[in-house]
Amino acid sequence: MVDFSVILAGFGGQGILSAGKMLAEAALYDDHEVSWFPSYGPEMRGGTANCSVVISDEPIGSPVVNYADVVVCLNQPSAEKFESYLKPGAILIIDSSLFSYEPTRDDIKYIPMPASEIATELGNMAFATISMIGCLATATGCIKRDTFESALYEILPERRHKFIPGNMAAFDKGAEYAQ
Amino acid sequence: MAVVFEPTKGLTSKPFHYCPGCTHGIIHRIIAESMVELGILENTVSVASVGCTYNSYDYFACDAVQAAHGRAPAVATGIKRSLKDKVVFTYQGDGDLASIGTAEIVHAAARGEKITTFFVNNAVYGMTSGQMAPTTLLGQVTTTSPFGRDASYQGYPINVSELISNLTGAVYVERVCLTDYKNIMNAKKAVKKALQIQMAGLGFTMVEFLSTCPTNWGKEPVEAMEWLKEKMIPQYPLGCFKGADIDVNNLAKKEEA
Amino acid sequence: MAQKRVLMKGNEVIAEAAIRAGCRNYFGYPITPQTEVMHYMAKKMVQIGGNFVQAESEVSAINMVYGAAAAGARAMTSSSSPGISLKQEGISYIAGAELPAVVVNIVRAGPGLGGILPAQSDYFQAVKGGGHGDYRNIVIAPASVQELYEMTVEAFNLADKYRMLAMIMGDGTLGQMMEPVAFRDEEPIEKIEKPWAAVGRGGRDFHNTVTSIYIDPDDLEAKNKELSEKYAYIQENEVRYEEIGTDDAEVVLVAYSTCSRICKNVIKQAAEMGIKVGMIRPITLWPFPSKIISEVADKPNVKAFLDVELSQGQMVEDVRLAVLGKKPVHFYGRNGGNLPTQKEILDEIIKIREGGNV
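Protein chains in written order, with numbering that gives the first Met the number 0: chain A, 0 to 178; chain B, 0 to 256; chain C, 0 to 357.
Calculated from the structure, these hints are not laboratory results.
Even for Gly, the Cβ is constructed at its ideal location relative to N, Cα and C.
The reader is advised that the hints may include incorrect statements.
Reference listing, derived: stretches of chain A covered by chain C, where coverage requires no fewer than 3 residues with Cβ under 8 Å from a Cβ of chain C [stated by the list, open to error]: (1) 21 to 35; (2) 52 to 63.
Below 27 Å or equal to it, Euclidean Cα-Cα: the simulated DSS-like pairs (lysine-lysine) are [claimed, not checked]: (3) K86/A x K3/C; (4) K190/C x K83/B; (5) K190/C x K86/A; (6) K3/C x K143/A.
Now the in silico label distances, taken between C-beta atoms and shown as ranges [what the hints assert, rightly or not]: (7) G165/A x V5/C: 40 to 48 Å; (8) V247/B x G202/C: 26 to 34 Å; (9) G21/C x E101/A: 35 to 43 Å; (10) G111/C x G154/B: 27 to 35 Å; (11) G88/A x M272/C: 31 to 39 Å; (12) A41/C x N249/B: 47 to 55 Å; (13) G202/C x S151/B: 52 to 60 Å; (14) F162/A x A251/B: 26 to 34 Å; (15) A41/C x P156/A: 18 to 26 Å; (16) V221/B x D218/C: 35 to 43 Å; (17) Q2/C x V1/A: 19 to 27 Å.
Given these sequences and hints, build the entire structure.
Here it is in structure tokens:
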């Protein structure tokens, strides 16, 4: 059974909310129950952004995630804040091209990955968060690669389909860090 | 036998409840006649407000909606937006329009709502028994300015027509009085013009009537009329503040966007 | 026929549902966390030839709704708690003039400016009056984005049917979250004639008047009695609730909207621990499901109630009135924008059992 909570966090403008939405869309495409909940509190005005995504086979209770299976962070303040939200054994993924971080807990799995470097190499900064989704999807098995790709064709407007191969390249690069 | 005079069909047969010497009756009558003469009685929705004319719908023979205190322009906005081909007017006093409803009137005018506001300014709250209104004159004694309105204590009267005419969305603003036959005919002309401009879809229109309140002024009707001429008109000069150049005989219906 | 599920934000679904329900008049004023309703309307209403007005205030917005409703149109406004306070004047007038209208409250934490995060602390305001006078609003509390859609459509039908205000009461969670929603191909719109509306006399030889003023005390008393009879009928016929596992539950949770979602997971978790927990989820907050709560209180297996809210305890008063002392009614609330966790609720249940109330 799938029952899976993710927090994605970073600065506004890093594509955090859309990455979460894409994850939720892909899970919906896979016919799971899904919820996406953005931070809309005062911190949003301070330039940080986060969202919670819950994917489940059962109706979803709270869309607000307090105990996460995965936390994806694109800045240091988010890593400091959300590390404590992880369940024991859960995964913390950070973009190591943007900052370095030493987790304080030893009961979690820590994956620093150079998401922004991957994106730069692929020529589109928007791919940074996609590579991190590739990593989290592979590390947890919550979304299969092919499902994600098919979902992109479904949810993106036709004029943006030309970006999908790039998205999938980023996804695959990210997946390599899941091991 | 030829009929030389009959009551206007724009009014119901219910007798007015207004005090002797009050000009609400005259204003009602010229609005009602105008609706009939323009052929819009069946097409008009009036909005009554809060004050002595809270039940103006008992007198006007058109459909009507009663609004909360000051909110008539917002209510009229809701009506007109959903009934674009109908004529909608508000009938408001100075407390209603210039005090509690200032935001509503200013923004309805600014949006250029295609409604008409008939604003009755008698420089006092009538129904609640003679309190100071935003339009009360300096020195004027009321139940809440018992020593006369003192500018340093109670501020200054608001000249509503001047204020509203500064808004681009207001296309026709005129101040009239009802002190004699000539002025009444002139007031009726203004009423018709405002309604015709609304029908042409040009924007917000308003007619301000300087009115008497003998009861709360503590004056006999004739004396009140004299006081209006002597005291009110200098503070509130008569005339057309906006749209004097609009020719009602040459109004094409503005195309809806 | 249901269409394929799409991922949409709660606030946007409310707006889409209203449009599907035939609402062509939206009047609003920006306030977090409901503003997306407005954004959606600002775009869609123009595209479909409806009316969208960004009013100068909440007070004006509700009075524009009053005007459009008086003219017989389906009209709505939406806001969040402080804005709903401002609308109370108009809400009372809508009740007095018996106008059908829909108001959405995406509740945030108060009092005062409070915060912008989710809360259920406007329960009293919504079901006990809010404005002046003897009146009621139908208050509906959806618990998911799908329900926001279906119940917003229903709110318009109920408003027209009973000539009264129907309120959709959500909270910041529900408004801001995205969830799948499946739209119907066709909405079950109940077309109700409105011969009372002020639309211009036309061929009538009398004129319609929409008003809430009755200066004669006997007239006003008669009007209030008439309203009471209508409200009594609605209490008899329009109560909506969901009942889960009360046949063998020791503890019965009472929770609505967002809280009820969390409670459903608590029920599952408790079952795994061998604790039988049930729930009554009021869907209509007014009319309140008092009767079913009273019946459940009579069940021998039910030892206690636990009311869970995002407030310091508001609905719990109605639960206690319904239970009438037959069983203990406990309360657990979070406030300020915080949501209770499953664990917190489960701990309360365990505490109630250990306290010998079970």
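Hints, verified against the model:
no., hint, result
1, 21 to 35, "holds (count 7)"
2, 52 to 63, "holds (count 7)"
3, K86/A x K3/C, "violated (34 Å)"
4, K190/C x K83/B, "holds (22 Å)"
5, K190/C x K86/A, "violated (52 Å)"
6, K3/C x K143/A, "holds (21 Å)"
7, G165/A x V5/C: 40 to 48 Å, "violated (25 Å)"
8, V247/B x G202/C: 26 to 34 Å, "holds (28 Å)"
9, G21/C x E101/A: 35 to 43 Å, "violated (59 Å)"
10, G111/C x G154/B: 27 to 35 Å, "holds (29 Å)"
11, G88/A x M272/C: 31 to 39 Å, "violated (21 Å)"
12, A41/C x N249/B: 47 to 55 Å, "violated (36 Å)"
13, G202/C x S151/B: 52 to 60 Å, "holds (58 Å)"
14, F162/A x A251/B: 26 to 34 Å, "violated (52 Å)"
15, A41/C x P156/A: 18 to 26 Å, "holds (22 Å)"
16, V221/B x D218/C: 35 to 43 Å, "holds (37 Å)"
17, Q2/C x V1/A: 19 to 27 Å, "holds (24 Å)"
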